[in-house]
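Read top to bottom, the protein sequences are chains A and B.
Quick note: the first sequence, position 333, residue 333 per the numbering used here, numbers continuous.
Quick note: the second sequence, position 42, residue 42 per the numbering used here, numbers continuous.
Just so you know, the hints here were simulated from the structure itself, not pulled from any lab data.
Keep in mind it's a predicted model, so treat the numbers as computed, not measured.
Be careful, since some hints might not be right.
[Claimed, not checked] Simulated pairs of lysine to aspartate or glutamate, DMTMM-like, Cα-Cα distance not exceeding 25 Å: (1) A/LYS6 - A/GLU75; (2) B/LYS89 - A/ASP178; (3) B/LYS136 - B/GLU166; (4) B/LYS44 - B/GLU166; (5) B/LYS89 - A/GLU114; (6) A/LYS292 - A/GLU229; (7) A/LYS154 - A/GLU87; (8) B/LYS44 - A/GLU114; (9) A/LYS292 - A/ASP369; (10) B/LYS89 - B/ASP34; (11) B/LYS89 - A/ASP41.
[Stated by the list, open to error] What follows is a list of derived Cβ distance ranges for each label pair: (12) A/VAL102 - B/GLN33: 38 to 48 Å; (13) B/ARG151 - A/PHE115: 21 to 31 Å; (14) B/ALA11 - A/GLU418: 53 to 63 Å; (15) B/ALA11 - A/GLY82: 30 to 40 Å; (16) B/THR137 - A/VAL166: 53 to 63 Å; (17) B/GLY7 - A/LYS154: 21 to 31 Å; (18) A/PHE119 - B/THR137: 34 to 44 Å.
[Unchecked claim] Selected chain B positions facing chain A (Cβ under 10 Å, derived; list incomplete): (19) PRO6; (20) VAL42; (21) ASP115; (22) PRO123.
A virtual CB, placed ideally from N, CA and C, is assigned to each residue, including glycine.
These are the residues of each chain, in order.
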Amino acid sequence: MYRSQKLAVRYFVAAVALFGVMIIAGLLSALYYLHPSLLFDVFNFNMAKIFHIDTLVIWLLMGFMGAVYWFLPQELGREVEGIWLAEILFYVFCAAVAVVSVVFIFVQYGGSNEFSLWFINQGRKYVEAPRWAAVGIVVVVLTFVYNVVATCIKARRMTGILWVLVLDLIPLTLLYLDAFPALTNMSTDLYWWWWLVHMWVEGTWEVLIGCIMAWALMDVMGTSRRIVETWLYIEVMLVLGTGILGLGHHYFWIGTPQYWLSIGGFFSALEPLPLLGMVVHAIYDAGAHHMKTNNRPAFYWILAEAFGNFIGAGMFGFMMTLPQINLFSHGTQWTVSHGHFAFWGAYGCGVIAILYIAKQKISGVNFLDGRAWKWGFGLLNFGLIGMVGGLLIAGIAQAFYERAIGGSTLMAFMAGQENPWFVSGMYARMGFGLIFAAGYVVLVYDLLSAGKHAPKSAVKTQAP
Amino acid sequence: MDIQDPGFWRAGAISTTAVMLVVLAILTIDSLQDIRAGGSHVPKYDVINQQIGYQYDWTRRMDVPVIGGQQLLFGKLYTEAEAHALMRKGKLVIQSRACMDCHTFFGNGAYYAPDLTKAWLDPAWQQIWMPMTAAKTREDAMVMFLMHPDRYPTWGREMPNLHLDESEAQAVVAYLKWMSAVDTNGFPANFGQTQSQQ
Ligand code: HEM
Ligand code: HEM
Ligand SMILES: [Fe+2]
Numbered sequence: 001m002y003r004s005q006k007l008a009v010r011y012f013v014a015a016v017a018l019f020g021v022m023i024i025a026g027l028l029s030a031l032y033y034l035h036p037s038l039l040f041d042v043f044n045f046n047m048a049k050i051f052h053i054d055t056l057v058i059w060l061l062m063g064f065m066g067a068v069y070w071f072l073p074q075e076l077g078r079e080v081e082g083i084w085l086a087e088i089l090f091y092v093f094c095a096a097v098a099v100v101s102v103v104f105i106f107v108q109y110g111g112s113n114e115f116s117l118w119f120i121n122q123g124r125k126y127v128e129a130p131r132w133a134a135v136g137i138v139v140v141v142l143t144f145v146y147n148v149v150a151t152c153i154k155a156r157r158m159t160g161i162l163w164v165l166v167l168d169l170i171p172l173t174l175l176y177l178d179a180f181p182a183l184t185n186m187s188t189d190l191y192w193w194w195w196l197v198h199m200w201v202e203g204t205w206e207v208l209i210g211c212i213m214a215w216a217l218m219d220v221m222g223t224s225r226r227i228v229e230t231w232l233y234i235e236v237m238l239v240l241g242t243g244i245l246g247l248g249h250h251y252f253w254i255g256t257p258q259y260w261l262s263i264g265g266f267f268s269a270l271e272p273l274p275l276l277g278m279v280v281h282a283i284y285d286a287g288a289h290h291m292k293t294n295n296r297p298a299f300y301w302i303l304a305e306a307f308g309n310f311i312g313a314g315m316f317g318f319m320m321t322l323p324q325i326n327l328f329s330h331g332t333q334w335t336v337s338h339g340h341f342a343f344w345g346a347y348g349c350g351v352i353a354i355l356y357i358a359k360q361k362i363s364g365v366n367f368l369d370g371r372a373w374k375w376g377f378g379l380l381n382f383g384l385i386g387m388v389g390g391l392l393i394a395g396i397a398q399a400f401y402e403r404a405i406g407g408s409t410l411m412a413f414m415a416g417q418e419n420p421w422f423v424s425g426m427y428a429r430m431g432f433g434l435i436f437a438a439g440y441v442v443l444v445y446d447l448l449s450a451g452k453h454a455p456k457s458a459v460k461t462q463a464p
Numbered sequence: 001m002d003i004q005d006p007g008f009w010r011a012g013a014i015s016t017t018a019v020m021l022v023v024l025a026i027l028t029i030d031s032l033q034d035i036r037a038g039g040s041h042v043p044k045y046d047v048i049n050q051q052i053g054y055q056y057d058w059t060r061r062m063d064v065p066v067i068g069g070q071q072l073l074f075g076k077l078y079t080e081a082e083a084h085a086l087m088r089k090g091k092l093v094i095q096s097r098a099c100m101d102c103h104t105f106f107g108n109g110a111y112y113a114p115d116l117t118k119a120w121l122d123p124a125w126q127q128i129w130m131p132m133t134a135a136k137t138r139e140d141a142m143v144m145f146l147m148h149p150d151r152y153p154t155w156g157r158e159m160p161n162l163h164l165d166e167s168e169a170q171a172v173v174a175y176l177k178w179m180s181a182v183d184t185n186g187f188p189a190n191f192g193q194t195q196s197q198q
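With the rest of the complex left out, here is chain A:
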């Protein structure tokens, strides 16, 4: 194995650990909806939720970085340039996450001054981490970009996938600078904040996972490079062709001009197209190889990624992306339903597929299968589908009773939250969330044990 791949494994371990923290924080956040006096004044809902969504972003980022550190040396047939620096920064990254966690648990919030924003809590969704930590993330990501670019230059070789990756990392990094400002005007604040959130998940991350899945397909099914690269270009064209102006679906109600209703509605309604394309691509490849693969779990997680991305992001997103519907669904549990399905389908499943690819190589088997992974796969996906189903019901009830009939006042809000459909949805989310958590336990167990007793093979590895 290359040093870069050893670093990748460290990133995977950290990602899986944070995935666990995310689940615990998610279950805790969900519990407040059922027991509002839980930990009141000690550790309030907002802090639990911050843990939940911030660890989400971090574990996915770590998973992506791990995936690139994994495939890059394989792609170029050489060690990654400047890997020593990346190795050091991995520990810096982990230490920063730990320090921010301690501050979030024990300090939680500060006074209304710049000091709080720099050292305690920035209070902007997904990027609550204090500025010093955000600076740290910028440094880590810049090093990562340097590793990728410098390795390509040293190797004097570029592949289509690498071109897409390198060009994608530029906006991905620049957008993160959005984590710093604290604009007074809420409309301009949210205007830029959505560049970060939307352009990450519906633009740059989507392209990044496209590159990673392209490598994954070549790895587990031996799909030809020409085919995956052609599809990758088509995906990039459609994702960015619809997603850049699709940004407008977040500009309906934040004080922005009325033309966003039509522009955002139109382009975002087209956003499912590339995601459908990815499903077609995956099925086509699977069919072309008669479902033959050297890595069953990775193969099924790749399929789950393709379907989850299309259904969770594409279809669940489409449901509420037209302004006529969004006027009522906006900012309800309906949004949460889509958010969970999309993040899980598009990115969670993709990262897990890579974990299994790494697992196969580490355990040195030329065919990876088993029993436990199926339970992990089943429980996680069943739990998640149950959760988003419960949230969808709760969200539709909320959209109806709070927004449409009630007019979104405090009283209307309460009426929505106490509606029996809503309450049942919250219980369902909790129950299925526990099933999801059980799936996580099996996943971890399987990752630590799969392939141990399988026959060793000498093929496939050509590490120096």
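Following the hints, put chain B with the ligands in place on chain A, whose structure we already have.
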């Protein structure tokens, strides 16, 4: 033109992306004009000196804010600069206490607590909190609530005490008043209508 050729799609990807980025840049320049304080959709900060309503507009077919005559906040007439400083402070309170991880602003944030877009106009201040706090005005009731939400709960899901001092609570009230005057293309629809019809 050969659609089997990756080069064809590569060119397509680059040109499509470039065109979209240019369009986005133009729209952004235009939008930023409209949403600056004092732009066509977002009022100046000293709007807090005026009365604010929210009514259905038959020509635009949506609810829009209505800015009325003078209505002082905390009995004081704020200059533009004073109002700006107050908003700066209000925003810092909102960020430092992570209000957005329980509440939504313009529908963005978390869904554990009510949307604050039009909180200034919420009938609950008159109907529930003014009697409960024995405050004489809406803004005084809001300040008292924000300083001690745990003392004046209306239902099982309470807001915790986030230790706002009086000046911080006043800044937040001003911020919410300004926010309620932003033209949000009709979100939230029918705000407070059920109550006002009764
Ligand atoms: C991988 C891709 C996607 C991910 C990870 C994702 C995730 C999310 C998340 C987390 C939110 C909530 C944001 C917040 O307020 O914090 C959201 C909102 C939204 N998403 Fe997506 N999404 C994806 C793709 C899409 C697509 C393709 C569409 C449309 C077809 C879409 C439509 C929407 C809409 C309309 C909202 C606003 C909801 C509201 O008004 O409250 N999303 N998305
Ligand atoms: C045990 C499983 C989980 C539970 C119980 C859970 C629970 C929750 C809760 C209670 C919230 C706060 C929603 C609100 O503001 O009312 C939330 C938000 C969120 N969670 Fe989870 N979660 C779980 C797993 C996941 C997974 C696996 C992902 C993604 C891979 C995820 C992504 C998100 C996102 C993106 C948000 C913000 C959504 C929005 O505001 O629209 N969660 N979750
Ligand atoms: Fe979006």
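* Asked: Quick one, are A/LYS154 and A/GLU87 close enough, alpha carbons at most 25 Å?
  -> holds, 19 Å
* Pair hint outcome, B/LYS89 versus A/ASP41 [Cα-Cα no greater than 25 Å] -> holds, 24 Å
* **B/LYS89 paired with A/GLU114 [C-alpha distance capped at 25 Å]** => Answer holds: B/LYS89 to A/GLU114 is near 10 Å, not above 25 Å.
* **Interface hint status, B/VAL42 versus chain A (Cβ within 10 Å)** => Nearest chain A Cβ about 5 Å off; hint holds.
* Below or equal to 25 Å on CA atoms is what counts here, so check B/LYS89 against A/ASP178. => holds, 21 Å
* Asked: Are the Cα positions of B/LYS89 and B/ASP34 separated by 25 Å at most?
  -> It holds: about 23 Å lies between the C-alpha atoms, which stays within 25 Å.
* Asked: If you draw a straight line from the CA of B/LYS44 to the CA of A/GLU114, is it 25 Å or shorter?
  -> Roughly 24 Å between the alpha carbons, so the hint for B/LYS44 and A/GLU114 holds.
* To do: Would you mind confirming whether the straight-line C-alpha gap from A/LYS292 to A/GLU229 stays at or under 25 Å?
  => holds, 21 Å
* A/LYS292 paired with A/ASP369 [C-alpha distance capped at 25 Å] -> holds, 12 Å
* A/LYS154 and B/GLY7 - C-beta distance against the hinted 21 to 31 Å -> holds, 26 Å
* Asked: Does the structure keep B/LYS136 and B/GLU166 at a Cα separation of 25 Å or less?
  -> holds, 16 Å
* Asked: Do the Cβ positions of A/VAL102 and B/GLN33 conform to the proposed distance bound of 38 to 48 Å?
  -> At 43 Å between Cβs, range holds.
The structure shown violates none of the earlier numbered hints.
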